[in-house]
Structures are given as C-alpha cells and as structure tokens.
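Student: The chain contents come next:
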Amino acid sequence: MNPSSQPSYNEAARQGLANPCLQRSLHGLQAHYGKGALALWRTLPDPTLRSRVKARRMQTLAHLDLVLEQLADGIRARGGQVFFAATEAEANEYVRDLACKRGVRRVVKGKSMLSAEIGIDAALAADGVEVVETDLGEYIVQMAGSTASHIIAPCIHMDRQQIGRLFAKHLHIPYTDDPPTLTRAARKALRQHLLTADMGLTGCNFACAETGQITLVSNEGNIRMATTMPRLHVALMGMERIVATLDDQRDLLQLLTQAAALQKLSTYVSCVGGPSPAGDLDGPEEFHLVIIDNGRSRILADPEFREVLACIRCGACLNICPVYGRIGGHAYGSPYSGPIGAVVTPLLSGINLHADLCKGETLCGACRDVCPVANDLPRMLAALRHKLAYGDPGWHVRPQNRLEAFGFKLWRKIVGSKKCYESFLKFFRALQRPFIGPQGMIGRLPGFGGGWTGGRDLPPLASSSFRERWRQVHSKNRTDCAGTETEEQRHGG
Amino acid sequence: MTPLPKLSLCQPTPVSLFIPCLVDAMFPEVGEAMVSVFDRLGIPLLYPEGQTCCGQPAFNSGYQREAAAVARRFIDLIEGAEAIVCPSGSCVAMVRHHYPELFQDDPAMLERAVAISRKTFEFTEYLVDVLGVTEIGAVFPARATYHDSCHLARTLGIREQPRQLLRHVRDLHLVEMASADTCCGFGGTFSVNYPDISLALVDEKIDNILRSGADIVVGCDVSCLMNIRGRMTRRKETLQVLHIAQVLASAEKA
Numbered sequence: 052m053n054p055s056s057q058p059s060y061n062e063a064a065r066q067g068l069a070n071p072c073l074q075r076s077l078h079g080l081q082a083h084y085g086k087g088a089l090a091l092w093r094t095l096p097d098p099t100l101r102s103r104v105k106a107r108r109m110q111t112l113a114h115l116d117l118v119l120e121q122l123a124d125g126i127r128a129r130g131g132q133v134f135f136a137a138t139e140a141e142a143n144e145y146v147r148d149l150a151c152k153r154g155v156r157r158v159v160k161g162k163s164m165l166s167a168e169i170g171i172d173a174a175l176a177a178d179g180v181e182v183v184e185t186d187l188g189e190y191i192v193q194m195a196g197s198t199a200s201h202i203i204a205p206c207i208h209m210d211r212q213q214i215g216r217l218f219a220k221h222l223h224i225p226y227t228d229d230p231p232t233l234t235r236a237a238r239k240a241l242r243q244h245l246l247t248a249d250m251g252l253t254g255c256n257f258a259c260a261e262t263g264q265i266t267l268v269s270n271e272g273n274i275r276m277a278t279t280m281p282r283l284h285v286a287l288m289g290m291e292r293i294v295a296t297l298d299d300q301r302d303l304l305q306l307l308t309q310a311a312a313l314q315k316l317s318t319y320v321s322c323v324g325g326p327s328p329a330g331d332l333d334g335p336e337e338f339h340l341v342i343i344d345n346g347r348s349r350i351l352a353d354p355e356f357r358e359v360l361a362c363i364r365c366g367a368c369l370n371i372c373p374v375y376g377r378i379g380g381h382a383y384g385s386p387y388s389g390p391i392g393a394v395v396t397p398l399l400s401g402i403n404l405h406a407d408l409c410k411g412e413t414l415c416g417a418c419r420d421v422c423p424v425a426n427d428l429p430r431m432l433a434a435l436r437h438k439l440a441y442g443d444p445g446w447h448v449r450p451q452n453r454l455e456a457f458g459f460k461l462w463r464k465i466v467g468s469k470k471c472y473e474s475f476l477k478f479f480r481a482l483q484r485p486f487i488g489p490q491g492m493i494g495r496l497p498g499f500g501g502g503w504t505g506g507r508d509l510p511p512l513a514s515s516s517f518r519e520r521w522r523q524v525h526s527k528n529r530t531d532c533a534g535t536e537t538e539e540q541r542h543g544g
Numbered sequence: 232m233t234p235l236p237k238l239s240l241c242q243p244t245p246v247s248l249f250i251p252c253l254v255d256a257m258f259p260e261v262g263e264a265m266v267s268v269f270d271r272l273g274i275p276l277l278y279p280e281g282q283t284c285c286g287q288p289a290f291n292s293g294y295q296r297e298a299a300a301v302a303r304r305f306i307d308l309i310e311g312a313e314a315i316v317c318p319s320g321s322c323v324a325m326v327r328h329h330y331p332e333l334f335q336d337d338p339a340m341l342e343r344a345v346a347i348s349r350k351t352f353e354f355t356e357y358l359v360d361v362l363g364v365t366e367i368g369a370v371f372p373a374r375a376t377y378h379d380s381c382h383l384a385r386t387l388g389i390r391e392q393p394r395q396l397l398r399h400v401r402d403l404h405l406v407e408m409a410s411a412d413t414c415c416g417f418g419g420t421f422s423v424n425y426p427d428i429s430l431a432l433v434d435e436k437i438d439n440i441l442r443s444g445a446d447i448v449v450g451c452d453v454s455c456l457m458n459i460r461g462r463m464t465r466r467k468e469t470l471q472v473l474h475i476a477q478v479l480a481s482a483e484k485a
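Protein chains in written order, with this note's numbering: chain L, 52 to 544; chain B, 232 to 485.
None of these hints come from the bench; they were simulated from the model. Glycine included, every Cβ here is placed at the ideal spot set by N, Cα and C. Careful, some of the hints might be misleading.
Unchecked claim - Cross-link-like lysine-lysine pairs, in silico, DSBU-like; alpha carbons within 35 Å at most:
hint, chain 1, residue 1, chain 2, residue 2
1, L, 470, L, 460
2, L, 86, L, 315
3, B, 467, L, 86
4, L, 477, B, 467
5, L, 86, L, 105
As the list claims (entries may be wrong) - Pairwise CB distance ranges (calculated):
hint, chain 1, residue 1, chain 2, residue 2, range
6, L, 71, B, 469, 20 to 30 Å
7, B, 446, L, 320, 51 to 61 Å
8, L, 247, B, 335, 57 to 67 Å
9, B, 390, L, 353, 30 to 40 Å
10, L, 58, B, 368, 51 to 61 Å
11, L, 94, B, 409, 16 to 26 Å
12, B, 404, L, 464, 39 to 49 Å
13, B, 337, L, 83, 40 to 50 Å
14, B, 390, L, 197, 36 to 46 Å
15, B, 469, L, 464, 35 to 45 Å
16, L, 495, B, 446, 20 to 30 Å
Said to hold, decoys possible - Covered by chain B, per the in silico footprint, the following chain L stretches (three or more residues, Cβ under 8 Å):
hint, stretch
17, 61–74
18, 374–380
19, 419–433
20, 451–460
21, 506–512
Pulled out of the complex, with its shape left as it was, chain B reads as follows:
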C-alpha cells in the first residue's frame, strides 16, 4: 500500500469532498456531518459539484464499460484535488483498487487513475492516519457497537481507525458484537436478486448487534447501514443506526 502522506495541521491541506451517490441522494446528513467534523478541525473544504457516482454498482455487476465511462468522468472532475475524502469504504476501494484495473490497457488513463487512487482516502482513515487525529471533541452518550464493512475492513484494511475514533468519543462506550466483520448481506444488486439469502445474512447481523447490548450501531458505509436499518425497522427494532461521521459531529448537541 502507498505510504500515507503526513500532513501538518499548521497549513492544512484542503480536502475535496467525495460524496457517494447514496449519501447525496438518501443520506445527505452523513455528508453534512463530515463537513461539520472537518470544519471543527479547521480543514478547508472543496466540493467538486458535478460528482454523481464512482461507478461501483456497474463494476460489481460486471458492466465494466459503463463503470469505466463513469470512472473517467469522476477522474476528470476531481483530479485537481490535493486530497479526496469520502465517507464510504466501498467507494474508496473502487477508486483505489478498481480504477487502475479498469484502465490497465490505457496507459494515459492508468496513470491518472493511479494518481487519483493515491490521494483518495476514507473518512476515518484520513482523520487517523493522515491528520493524526483521534480526538474530535465529540460527545455521544450511548453504548455503541461497530460494524466492519467488507470493503473497508478487508480491501482497505481499515479496522482500527474507526474504533480508535469511537473510543475517544466522550460518554460513548464501545462494545464489540460477535462476528463484527461478517458481511451484512447487502452486496449491491445481490440484495434484490437474492433477497432470501441477503435477509438471512442481515438477520444474523442484527441478532449479533442486539446480543451485544448496544443501543446504537455505527458503521462507515451507508449501504450496509441502509440494509441493516431497513431490516431493523421492518422487524420493529428501535435501535439507532448511525454513520460514524454523525457520531463524531455530535459535540454541539451535548
């Protein structure tokens, strides 16, 4: 993996927000929470506005031509950025690992894809590994359990960063659930094409969450959280499902 640049907080590098389509359209409050965390840290923010989707849904379903077209557009749009930060592990995994694969036969694009992949970071990774921040001054009185999203944990290797951040949230008690890194059963189009299997997986995830004794479940990918929450409300469970940015942004309320 590329060594992460250590940046100085004295002259903070401006962060370009990479807002996944799901966050933009369905969970804008997650994007806003990320903005509020960066504002509190005094990080200048940019939002390259034409962004839509990174291309992941098409890539995972095998539609590489469509994925490449959308990836190319995203690269055109964002490559001027110094640091690109995204509140989703799977979208970062797409850019970091699959963009270079998509353009392996196009040397000019490949070079651009690799350049982008080196400066694209997942939100908690950027805070902990790049900025060296684990204490945001957040306050959130709750027993929380953390769900490891697959691409975040296994493709990007980000397991400890979110936990470190959560442990530093005042009044938040982090409890581990069993099989925290087992898939929630989302899997993109898998969830609608194979709903019975998908539901069995999310039910197991929810059972593990409930058994942990937590009153909130926190994750770094809204797609998993949408799956977990969607099943929870159907099961009439009242436990709160939150993106980590929402927990970290919560100081003002306290």
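Looking at chain L on its own, in the form it has when it is part of the complex:
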C-alpha cells in the first residue's frame, strides 16, 4: 500500500471523473445498492439489529485475546494449524515457506482484501508460484493487470466490451460481450486451475470462537472449490474478524449479505474448521489459518479509532459515498477504497502518507447512515485531520500543512475579536472590488481562492453586513431588545 509510485489522489480522481465507463457503472451501482441498503435498514424487522450487533462487535473486540485463543484451540483440536502474524512480512513468510516445503506450484485464490493488503501475490510469484484469482471480478482484474476498485465488485471500473476484448486475447475465444458467454469461458478456464492447484488461498469473512470455524461467503461457488479441491487450504484472517458465538455470527452474516448485495443470504456460506478428517474424500489435507495483526493492535489500543475494527468489509459505504461514486476506487491507492478506505488505509499504513484520504471527503455522513455496524466514519476522518493538524507522536504523525495551520491561527485571531472581524470585512470589501464581474459575482481569485473560482463564481461580501443592518434598521423600535450590547461590551474587541 505504498502510494509513492501512484498518481496523487487529485490526479487519480481526475482520471476517474474523465472515465465515462466508470461513471456509468458507479451510477448504476450506487442507485441500486447504496440506496437499497438504506431502504433495507428502514424496514428491518428488528430495528435494533444494527446497534445490537455493533455493541457485540465492540464487546468482542474488548476480549479479542480470549476469543482468538478459543478459535485457535478449536482449529488445532481438529488438526488445523494456526499462525499469528504480527506483520505482513511474517504472514507472507509463513505462506511462502509452507508453499516451498509442500512443493506448491499453483495457488488458487478466493477474494481477499487482506491478501492485497499484505501483497502475497507478488511474494508467491517471486518464488515462481503461479497465483490465480477465482472470483470472477478478481480474475478479470488480475487478467487486466489492474487492481480491484471496489471491495465487493472488483472490476466495477470495466464494462463488458473491455472484458470481452480481454477474454478474446487471454482465453483465446472469439470476441463477445455477452455476459453469460463470458462467464462460461471464465468458468471453463478456472475449472482447470482449480483441478490442478496445490493450494487454496482465501480470506475470512469472520471466524467464530464458539465453534472454532471460519466462515466464507460467496455467490459463485469458487470459494467452496478453492477450499476443498487443493490439498492445502490457507486462510488469511484480519485479527478483528471474529465473533464470539454462533448467534453473533448469524446476526452478522445477515447484515453482511444485506449490506453488501441486498441479499437475505449469499448463495454459498462455507464454514471451515480444519483439514478433512481421515478417511473423508473431500477437503484439504492441511488447513492453515494465518491470523494477521499488521497494525490492527495499534488501532485497537486507540479508543478514538477502535470502532473501525467493527467493520465487516461489506462495501455499503462505497455504494453510498458521493465522492467514491464519482472518482472510483483506484483514486484511494489502496485495496480499501471509499469511506472505509479513507479511514483504515491511513491507520494501517501511514496518516501523513495518506493525508489526502483523510481530507478528501465532504463529511456528508451518508456512510454513517448506511453502515451495518453504524461506524462513525466522518467522526474518525475529523479525528485523523486533527492528528494531521498538530501532529501526534503516538501515531508518528507530523503536522501536515504549515500554511494551513498558520491560516487557522490567523482565522482564530480574526474571528476571536469583534474589532478584528469587522476590520477584516471592511478591508476585504475594498479589496474585492476589482474582482467583481458585471453579474455581481467574483469570477476569478488568485491563490487558494482559485480552487473555488476555477469552476464556480463566488458571491462578494455584501456591501453591509447583517450586524450593520441590525444596528441601522432592525434594532430600532425594538423595546424588547434593549441591553443586547451589554454582553458585547463585556467581550468587545
């Protein structure tokens, strides 16, 4: 998740805005799924479900060490292996080492954001291991040499014509943009990979401590195959993706599939608790669960950001966010895009590095309304901005913009006194005169103001302010308001 080699947020946003295919896709996505999820929450049979689930998520996070241990015990008891990785390097090393020891030459993957976070594909490829995505969207994105631009719909930035050309080139089929035909072609190619793979590598939607199992949700059946056909199954799990009880899991599953895809339940729900028992024909010989921290402990330790760990990666916030809805996922420069990406990417891989993600939203609050676990992402964005404003050694944050900091110090002086504020108004009223156009609007401003006037007019400061009009007109003949000035005299200037 190093953005240094990538275009800036603003630049990538411009590219997204200029891409008509992306604009069409995002518009359709948001009109259906984003608004649909909001409508679902309004008609939930149990209106307390979301707040109840959130409370349970936070309670579980408070006892994370205990539930993770219970999970590990359950899996080990069935002959599975559990590895706790503190960093992405540790996680990658574990999987590479395992692949090397077991002579793995081909890996099939189930969709996993975490696998992109830790960069495991490149790590395995460096050892000469072939890695193939089996989720259709991820498969397309991988074939195109691109990255996912949506948590749930990875290739939302491509249309069927582009996919048709891609398949014609890589799968050597006659060009078609007919989705069923394209899907059949992908299915045929993927089946070969699934039949010959040595290792299935998946994520984990959530684990359950009580049952000692992980649960994977899919609609294409690829997860079922990737977890049972190869002789090894390795699951990557963010350490926060755990529920304490099966009851919690039922509630969470219900929210996940509804928030993500407006489905009461996904087509497949796979629960995996270990390798196949002796004598069983189905399932892998070995099951490895890699539980990954990679910066999550630090988030857990900070009460201001802890709730972001309640996230279940449903993507609903992407489906409602007006900013994501225009710029698309690639602008975020991270596997996690949209509002959740804007909060979690800086927390996981550097607040200064991703300052634009912290600042590039309008704080409109739509993401908070749609979130199945009611995460207050706008609050956390403001908290991240607070760190950027003054720096925070605890998070290794440096003050981000000295000019802006100076601007707000100056602003405080101006609005901190009636005299300064009124002088400021007078000064700028005089200064703005040459900028006012024939329509009475300011059409061009230098410097900082150019960001506004580049595409918009700015109304000028009024010739007299409200306070002046109140003094001159509205305060007259008002017997009831005598004495309003006394407060001012107390604080004046």
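The hints should help you fit chain B onto chain L, whose structure is shown.
Tutor: Okay, now just chain B, sitting in the frame of chain L:
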C-alpha cells in the same frame, strides 16, 4: 436527542439570533428574512452582537484548539440566551454535537457547552417543533425543489420541517428532485482543495435540480446554496437559489 420544550405563543420566549459568519458577511438578506419571519410571529428578538463564527471551519479541518477557542468565545457571548436560533443546519450541528466533544476533558466548560447545545435550534426546527408553526402566511408563486443539507438532514435529522413549511407557502408548488439528500460537494475547505471532485458533485446536484422542473431551489444552509449558486451562474443557469427564510418572508411582496 433532547426533547424540545413546547413553548406557548401567549408569552413568547425571546429568541437570540445566531447569525453565522457567512450569513453576516455575504448573505445578510437571509438573516433579515429570518428577522422578518419572527417579527411577523411576534417573537421578541435579541442579537448578541459580538458573535462572529461558531468554529466549524477549523473543527472540520482538524484544528480543534482554534475551534475550541472560538467556541469558548461564542459560549461566553450567548449563554445568557433563552433560545438560540440559527439559519444554518451545519452551524447548529457544530454547537449541538461538536461543542460537547471539544470540551469533553474540561468538566466546567462541558457543562456550559451541553447547556448551550440544548437551547440552540435550527430555524425551521424552531418554527415547526418548538413554536408548532407551519403556516407563516407566506406567498411565493413558484415551483420549488428542496435540497437537504448533509448536517441538517443526517446529523440533526431535520428533513420534514422545511418541507412542511414550504408546503404551506401559498402558490408554491414543492417538487422533489432525485437524490435530494446527496451532498452538493461543498464540504468547506474540501471545495477548494479538491475542486474537481467538488465540481463533479455540484454538477450532479444541479442536473437533478434542473430535471425536477423547478424554477427555484430552496435550502437551509447558505454554504450549500453558495456552492450551488456559484456553479449555476458559471454554467449560465438562471434558476433562482434561495434560503428558506427568504421564501417564508415573502408575504409582503405579494
């Protein structure tokens, strides 16, 4: 949310006007329109004159120290008021929700901030929920569409009050636009730091306004209205952009 006090119109509580800096400096006519509506209802008005800004711009940009200093000044200035009414949802959201956050480590200030937050109301909320008034006697012949400002609709939950008031304006026909509560793309410093994204959002808003067939667009926050109007004039659209107070104050003209 705190239950709103029901006040009797027989002995109207004096209202202290909370005039946001943008209204004061750029849109004084919006403040005057609010004064005229309250005058018509016979509500005594006070204007604590030293007020400047509530601190929201600094808060949203992360400058909490500066925001707290300005908030403290505002609290000093206005806490004697019985009811504080403001023609801006985002400024009310700042006072109601973020003032208590700013002073969470200062019990004395926190108490004062909470007290202020309980008696600060957005203009349409005060009319409908506190005064129980939906009919002002306003006349405004137009097809109007209403833009839900983000903090007003989502943070304060004020969606119906402005619409109720507009429906009672004589000769005004309220038509809903698509995605009325989608952000207009203002977002404070966001609009100047990320102008391309901001413009894409306001263009979508304007397209929805135009498609609604309305000839005026009405809102409760001048910041959104400034953004929408500023883009409209640049696009040479002639549709009128008005604050709801201006519509409600319009009886005399008819």
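Student: Against each hint, give a clear statement of whether it holds in the structure.
Tutor: Here is what the structure says about each hint:
The hinted pair formed by residue 470 of chain L and residue 460 of chain L meets the criterion: a straight-line CA distance of about 17 Å does not exceed 35 Å. With a CA separation close to 16 Å, the supplied pair residue 86 of chain L and residue 315 of chain L stays within the 35 Å bound. For the proposed pair residue 467 of chain B and residue 86 of chain L, the alpha carbon gap of about 31 Å is at most 35 Å, so the pair holds. With a C-alpha separation of about 30 Å, the suggested pair residue 477 of chain L and residue 467 of chain B falls inside the 35 Å cut-off, and the hint holds.
About 21 Å separates the Cα atoms of residue 86 of chain L and residue 105 of chain L, which keeps this hinted pair within 35 Å; it holds. Roughly 28 Å separates the CB atoms of residue 71 of chain L and residue 469 of chain B, a value that falls within the hinted 20 to 30 Å. Judged by the Cβ atoms, the range 51 to 61 Å given for residue 446 of chain B and residue 320 of chain L holds: they are separated by roughly 53 Å. Distance hint check for residue 247 of chain L and residue 335 of chain B: the Cβ-Cβ separation is about 59 Å, which falls inside the suggested range of 57 to 67 Å.
Between residue 390 of chain B and residue 353 of chain L the CB atoms are about 34 Å apart, so this pair conforms to the stated range of 30 to 40 Å. Separated by about 56 Å at the C-beta atoms, residue 58 of chain L and residue 368 of chain B satisfy the suggested range of 51 to 61 Å. About 21 Å separates the C-beta atoms of residue 94 of chain L and residue 409 of chain B, a value consistent with the hinted range of 16 to 26 Å. Between residue 404 of chain B and residue 464 of chain L, the C-beta spacing of about 48 Å keeps the proposed range 39 to 49 Å intact.
Between residue 337 of chain B and residue 83 of chain L the beta carbons are some 47 Å apart, a value that agrees with the proposed interval 40 to 50 Å. Separated by about 40 Å at the C-beta atoms, residue 390 of chain B and residue 197 of chain L satisfy the suggested range of 36 to 46 Å. At about 40 Å, the beta-carbon gap between residue 469 of chain B and residue 464 of chain L stays in the expected band of 35 to 45 Å. Evaluation of the 20 to 30 Å hint for residue 495 of chain L and residue 446 of chain B yields a pass: the beta carbon distance comes to about 29 Å.
Under a criterion of three residues with beta carbons nearer than 8 Å to beta carbons of chain B, the stated coverage of the stretch 61–74 of chain L is upheld, 4 such residues being counted. Against chain B, the stretch 374–380 of chain L contributes 3 residues with a C-beta closer than 8 Å to a partner C-beta. That satisfies the three-residue criterion, and the hint holds. A stretch counts as covered by a chain when three or more of its residues have a beta carbon under 8 Å from one of that chain; for the stretch 419–433 of chain L and chain B the count is 3, and the coverage holds. For the stretch 451–460 of chain L, the stated coverage by chain B holds: 4 residues have a C-beta nearer than 8 Å to a C-beta of that chain, and at least 3 were required.
Requiring three or more residues with a Cβ within less than 8 Å of a Cβ of chain B, the coverage given for the stretch 506–512 of chain L holds, as 7 such residues are present.
No hint from the list above goes unmet by this structure.
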